[in-house]
Amino acid sequence: MPRNRPSFDRLAALDRTIHEPARLAILTVLSACQSAQFRYLQAITGLTQGNLSMHLNKLEERGLIEIEKSFSGKYPSTSVHLTDVGRKAVARHWQQLEDLKDAARDLPDQKSA
Amino acid sequence: MRYHDIRFVTANFHQLQGLRLVPFGILFIGTPLGLMPWLPPAVDRFFEVMFGGWYSLTAALACAFLVTAYYRRRYGTVAQHHRRLRNSLLATAVVAYWVLSAHVDTRLDWPVSLSSLFVSACLFLTVRVDGFIRVHYLFGAVIWFILAFILVFPIDPYVYVFVFYLTGGLTLIVCGIGDHLLITRTLAGTKDHASKPTVV
Numbered sequence: 001m002p003r004n005r006p007s008f009d010r011l012a013a014l015d016r017t018i019h020e021p022a023r024l025a026i027l028t029v030l031s032a033c034q035s036a037q038f039r040y041l042q043a044i045t046g047l048t049q050g051n052l053s054m055h056l057n058k059l060e061e062r063g064l065i066e067i068e069k070s071f072s073g074k075y076p077s078t079s080v081h082l083t084d085v086g087r088k089a090v091a092r093h094w095q096q097l098e099d100l101k102d103a104a105r106d107l108p109d110q111k112s113a
Numbered sequence: 001m002r003y004h005d006i007r008f009v010t011a012n013f014h015q016l017q018g019l020r021l022v023p024f025g026i027l028f029i030g031t032p033l034g035l036m037p038w039l040p041p042a043v044d045r046f047f048e049v050m051f052g053g054w055y056s057l058t059a060a061l062a063c064a065f066l067v068t069a070y071y072r073r074r075y076g077t078v079a080q081h082h083r084r085l086r087n088s089l090l091a092t093a094v095v096a097y098w099v100l101s102a103h104v105d106t107r108l109d110w111p112v113s114l115s116s117l118f119v120s121a122c123l124f125l126t127v128r129v130d131g132f133i134r135v136h137y138l139f140g141a142v143i144w145f146i147l148a149f150i151l152v153f154p155i156d157p158y159v160y161v162f163v164f165y166l167t168g169g170l171t172l173i174v175c176g177i178g179d180h181l182l183i184t185r186t187l188a189g190t191k192d193h194a195s196k197p198t199v200v
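Protein chains in written order, with our numbering: chain A, 1 to 113; chain B, 1 to 200.
Hints should not be assumed to be uniformly reliable.
Claimed, not checked - Okay, the calculated bits of chain A under chain B, using three or more residues with CB under 8 Å as the criterion:
| # | segment |
| --- | --- |
| 1 | 33–44 |
| 2 | 96–104 |
Claimed, not checked - Label-pair distances were calculated between CB atoms; the ranges are:
| # | chain 1 | residue 1 | chain 2 | residue 2 | range |
| --- | --- | --- | --- | --- | --- |
| 3 | B | 53 | A | 75 | 33 to 43 Å |
| 4 | B | 108 | A | 78 | 55 to 65 Å |
| 5 | B | 129 | A | 66 | 27 to 37 Å |
Just so you know, these hints were derived from the structure itself, not from any lab.
From the three backbone atoms N, C-alpha and C, an ideal C-beta is built for every residue, glycine too.
Work out the full structure, taking the sequences as your base and the hints as a guide.
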């Protein structure tokens, strides 16, 4: 199907680090605020502490987020925020998904359906 | 996973903590009970009414504080983006309501309450903020619209005061619980989907 080739190329070009559902949820949450606490990210993604930590570490390694650890009183508090690189990457990713959606609408099978 | 929902809830997380409004809604509904016609006039019970109101307001504030602590403990916190336009609009709406209720409505002596119509319009506009539909605000918009025209009918002033406070209280309770359910459902709905994937 050479006519559909550009769409598949664009699909393959998606950043897998961002596209994984839990990480996309984390980045989407962070793109809607200045920063969020670890507990909020856990509540909204439903991930376990360990799993969320691993996702956050992967995103931090890529330079998409920054993690700040502090204390509020006696209690440790971890807050996470997007870096400029991360903010641009999330916006670009959503744009790529929108483009793919548009491209999928133009597929011959979709038109006949 | 509904990414649009989690974006909306995150961007408006503090405003959606609606259980904070419920104690004030109960306070609103309870207020006219102390002014019922079969009780002695409020002027004769000045200290009773004043201290009753003061204690009720303090209790409502304490409850709202506890509810805020509950949200912080249950869901953590979010540092939201500064939204100057929204804050300016809110402040303008409060001033406009005060001008309409304290100056325009009292001088015009119309059977239609412009201040109630204004509240109804504001609630109606809130139904679809940021492209997200919150149907529960429609309930508030409708009952304030009805309240705006209630003076068309010959109605006892005591009944009007009671209906006014009841409307305010119900609006706070319904909108507050609706917003709270929006948070809990969005988070629960997200949990169902996102707990499956693991690290890739």
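Structure-based check of all given hints:
no.: 1; hint: 33–44; in the structure: holds (count 12)
no.: 2; hint: 96–104; in the structure: violated (count 0)
no.: 3; hint: B:53 to A:75: 33 to 43 Å; in the structure: 37 Å, holds
no.: 4; hint: B:108 to A:78: 55 to 65 Å; in the structure: 57 Å, holds
no.: 5; hint: B:129 to A:66: 27 to 37 Å; in the structure: 30 Å, holds
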